[in-house]
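There are 2 protein chains.
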Amino acid sequence: MADPRKPVRRQESGVDGRVRVVIESVSPAVDDGRFATKRVVGDRVVVEADCFTDGHDAVAARVLWRRDDESVWREAPMAFLGNDRWRGSFVAESLGRYRYTVTAWVDHFLSWLHDLERRVDPEDIKIAALVGAELIDGAAKRAAGADRKALADWAARLRAGGNAEALKALGLDEALGEVAKRHPDRSLALTYPAELPLVVDRDRARYSTWYELFPRSTSTVAGQHGTFRDVEARLPYVAELGFDVLYFPPIHPIGREKRKGKNNSLAPTSEDVGSPWAIGSAEGGHKSLHPQLGTLEDFRRVVARARDFGIEVALDIAYQCAPDHPYVTEHPEWFRKRPDGTVQYAENPPKKYQDIYPFNFESEAWQALWEELASIFEFWIAEGVRIFRVDNPHTKPFPFWEWAIDRLKRAYPETIFLAEAFTRPKVMHRLAKLGYTQSYTYFAWRNTKSELTEYFTELAKGPGREYFRPNVWPNTPDILTEYLQFGGRPAFIARVALAATLAASYGIYGPAFELLEAAPRDPGGEEYLDSEKYQLREWDLDRADSLRGFIARINKARRENPALQSDWSLRFFPVDNEHLICYAKATEDRENVVVSVVNLDPYHTQSGWVELDLAALGVDPASPYQMHELLTGARYLWHGPRNFVSLDITRAPAQIFRLRRKVRTERDFDYFL
Amino acid sequence: MADPRKPVRRQESGVDGRVRVVIESVSPAVDDGRFATKRVVGDRVVVEADCFTDGHDAVAARVLWRRDDESVWREAPMAFLGNDRWRGSFVAESLGRYRYTVTAWVDHFLSWLHDLERRVDPEDIKIAALVGAELIDGAAKRAAGADRKALADWAARLRAGGNAEALKALGLDEALGEVAKRHPDRSLALTYPAELPLVVDRDRARYSTWYELFPRSTSTVAGQHGTFRDVEARLPYVAELGFDVLYFPPIHPIGREKRKGKNNSLAPTSEDVGSPWAIGSAEGGHKSLHPQLGTLEDFRRVVARARDFGIEVALDIAYQCAPDHPYVTEHPEWFRKRPDGTVQYAENPPKKYQDIYPFNFESEAWQALWEELASIFEFWIAEGVRIFRVDNPHTKPFPFWEWAIDRLKRAYPETIFLAEAFTRPKVMHRLAKLGYTQSYTYFAWRNTKSELTEYFTELAKGPGREYFRPNVWPNTPDILTEYLQFGGRPAFIARVALAATLAASYGIYGPAFELLEAAPRDPGGEEYLDSEKYQLREWDLDRADSLRGFIARINKARRENPALQSDWSLRFFPVDNEHLICYAKATEDRENVVVSVVNLDPYHTQSGWVELDLAALGVDPASPYQMHELLTGARYLWHGPRNFVSLDITRAPAQIFRLRRKVRTERDFDYFL
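These protein sequence lines are chains Z and D, in that order.
Under this note's numbering, the first residue of the first sequence carries the number 1, and numbering increases by one thereafter.
Under this note's numbering, the first residue of the second sequence carries the number 1, and numbering increases by one thereafter.
Be aware that one or more of the hints could be misleading.
[Said to hold, decoys possible] Computed cross-link-like contacts, EDC-like style, restricted to lysine to aspartate or glutamate with a CA-CA straight-line distance of at most 16 Å:
#1 Z:Lys-337 - D:Glu-134
#2 Z:Lys-351 - D:Glu-117
#3 Z:Lys-352 - D:Asp-121
#4 Z:Lys-351 - D:Glu-123
#5 D:Lys-351 - Z:Glu-123
#6 D:Lys-181 - D:Asp-203
#7 Z:Lys-352 - D:Asp-124
#8 Z:Lys-126 - D:Asp-121
Keep in mind that the hints were calculated from the coordinates and are not lab data.
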């Protein structure tokens, strides 16, 4: 078993005391290179570093990068930014693991050039020409072909001497200077000792739109257990709503021992279907399918059909066992025993979860356990699944995840892992650092303008953005927030609009969401009444009040506006009403700018003046610009930074504007085209 | 030659997958442990780290430390601060290099205790008692003597069973719990892979008061070259002013070739004494004394006599040679040759410094050069010098300094190195990181309230404070600021008061400073007219307008108020007048609080309302407090945070208040005592 916790090399290269350059503060770097920075294919990776030396000598720097499976570094020049900071970049061209670092050196040719420009004394210039000839001869020796000849000729002409003014002009010949710069003397170069890791994912790691449903609740026949065939029939609906990931809670055999009844009852009837997270029974475990859902063949079909709709099936991996899971008898060494000889169930005193046996990761047989757990992913990968939502990863050891995700992503770099951890911030960040592709967030509990502004500014601008990719959910089968319980339809609209426009990846648990399911099991709790976690449900997808049309429009806006497909450009703007929140996202070239305004008060129409930062959005403050509302199709002409908005909760509690700039005359508005 | 650039170990200890604890973000850490944190003897080193594990298990953490020359770690418990953060500390008891790190583990005994507290089901409690007995037996095996017996007994009683309530109470026995906590199971502990370095200096590294003078200008006979005997006679004066470091510019033979004349003239006369920084002549180099100053015996006497006054002599180390320095002929390989065969002098085109030959640190013979340069320090260390001001260290390679300072401080840990680098911030910080004990700063050019507030907040609160110890100078032989040139006596008072109260280490170049020397050589320049760098000067120390009395009072205030002897407590307070600046320093226990108010306008009396943060200063907002002005002896009774000050430039442009709190009644004011 490979150890993923390899040391990052810290030693500075060489002990030659003549290596005078310093390299510090290379960015991006996650925990100084202990963990990988994350990007997606096609991203330009911008690397910066402080590079400097003693005295006045000139420095040159390059960024180095290579795929982990290549041995040769590629290089790109770094440009000086001021204050000893340098910047270079490269494009992450393909999926997988990369390394990058920085090399720098004292460049005597550049120092010579810089000095020559400022020399005035003719005698000095003559001496300098000889010094330069020596440096250029050195460059010639490192060059070949035409470059070599050009440099050797140049050196000879400098050495030939003559009029100081002419010599100076010859030394400053720009074209020849460029040739020499191609062949620097790097014999005393320093390469930054840490080779910083980079994981390059596919685009869906950054931009994805998730729909969670319980396959067993997809039957159109009342009371009947849904099947993969029923899910197949549901695919056009999911596609119409504009989702590209269809995520199933566990689809394995469900334990019969200690099975829970409806609404988490401890007194189930024989009719009760149990919780899909109570995995395993005589019919099999994590590599088996619940017989009532269908066969492996049926599963393969639904995966393939989904793909035809541009939808990927995502599975839930929950490392826990029902008491009748085959592992319990086949591998008793993977479970903790109580002194009475029974297997230790999950508990958080005084609460007991007797239907769930956790694995004992401190087992002497931990290596075999790790192998088996990783093989569960491999089993479903072999069945065509490449996206996994992992249940409560924060209750399994961090070293296991680092090892497992590394192993799986080396073999299947296209795989996406979503960490379902709702826990303390450092734990969530650790999971993201050690390999999770996406992470659940605190979004569900961020409801006010200040909460949303602070949290999404941290996600979009904080240092964690190098590795923590948020995936935000207004609801999940475990989370029916107070805001949704009491806010009614405008609350559902506001929350899905916020999710879809604040985050490049978001998801809903449906059809509960679009059908505005809002009744809690217990007052003050966040569990759904009659939760699908414990029973079959029937859903009337065609109900008139369904949000399906609204969600379809919002997901269409996401697909058509690349600004909404990444997170880092997010910027909030002031509105003089605490119930209204306004923010924008833009592509790097600012060709695509989307401004969203959401009414956070689900009970009243709210209006106010928003104040855009026009310079940041690339808008000429002297010209009007068009705000094209993408959900209603309405168009507004705005002038200057301050404009009035009014969000009627009965009509449009959320507005998503594509900003269209005026180019020259009214005929040139880009929306005339 | 030892390589100081040793790798910091990055591998996490062990590859046992059962090690479930995580340690992150250990602080303090300079560049993740690449460089040492700095403290002085007696400091409590406070170490923090994020320590956590998966799931609900309890974690325990300890800080580990040892001297570099010891092999056994010492340990202290860390306390939980919330948000997965832990804090522990140790006292840096002695001079030299230390290492510290953090160890943490999942503590099953603590988890068991935590769960037991919340258990209610009698059957659960009985089972828990058996589980606990097993854990406590384990602790007994790790213990010895009385602890072992107590634990074994405890386990046996838990195992004996009985009434659930009594068993629970037995399990929660606090005294026995403390015994068990002394013997935790650390078999799956993780020790943070980086052993973070710490350099412990003596107190003067943090708190020092410097006086620079040219020994050759100390003669009381007009026109006569001063000697070490004259310096000896000057010692009572320096002591009266309250300085504890007496720093000499270079005291070596001065080159005759290309010697500069008065005011840096290129046409010297035979009378000209030359610049002390043009080191070396037929009479010797860096290990010799200028014959006109005296003998080594005289030098030793001045060092010893100074010590009697509580003053340490500091020398200037300037690695550069006059053309007639013996090195030039003895070691031509240490210098760069020009194509015409001459030695390359210092230049910054079009400027030339033909009287100075820099060393070529890219020489093939760099190792011998490093050895020789380090031996210069060793020579003067052998003569009793332990403080060095290093001239332009930023023009010599960083790896040399790291190597040399490490070597010298391992042998002589009491040595203090002050870096005279006025250059770009990252270069100055690098020098501090790699070993300089103190650093010159930008203080001379920070004159306005916002400049001073921003800069000193960075120095006192920024991450650089772990390694960058500021030493601030209102003037130097190279720096006569515009503020001093035009501000007259109030400007000198303001600047020395700022230096002495903003920074625990400061210095002046005298007697130019106390005698208000303000004439520049060139308009717009910062060089002194008739600078001592190029000629002898006579100074009338008894002039009526001398600041000697004022400086003596301010240095006395520093000696008597420990708040002024360290930097980190600095805190600025608002004043409603941009010309007035107000700030305080306090000891950790807030027993000693000093509030300073300085009028930054040297031309007009300024007054305004200062607004202290009484909570931060430990003052009861309901009680009056006394402000005892230490320079004049005046006392003021202040009430509440807002109080009026008026700073008359003719009388008191700077005021330094010792804050004295009311305790109970007027008889209990601590200033009654």
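Consistency of the hints with the structure:
Annotation: proposed proximity of Z:Lys-337 to D:Glu-134 holds, straight-line Cα distance about 13 Å (limit 16 Å). Only pairs whose Cα atoms come within 16 Å are accepted, and Z:Lys-351 paired with D:Glu-117 is accepted, the gap being roughly 13 Å. For the hint linking Z:Lys-352 to D:Asp-121, the alpha-carbon distance of about 11 Å falls within 16 Å, and the restraint holds. Proximity of Z:Lys-351 to D:Glu-123 is assessed by CA-CA distance (about 14 Å); at most 16 Å being required, the pair is judged to hold.
The straight-line distance between the Cα atoms of D:Lys-351 and Z:Glu-123 is roughly 14 Å, inside the 16 Å bound, and the hint therefore holds. Between D:Lys-181 and D:Asp-203, the direct Cα distance comes to roughly 37 Å. Violation of the 16 Å bound is thereby established for this hinted pair. A distance of roughly 10 Å separates the Cα atoms of Z:Lys-352 and D:Asp-124; the hinted pair therefore holds under the 16 Å criterion. Of the supplied pair hints, the one linking Z:Lys-126 and D:Asp-121 is violated, its CA atoms being roughly 96 Å apart against a limit of 16 Å.
Against the hints set out earlier in the document, violations occur for numbers 6, 8.
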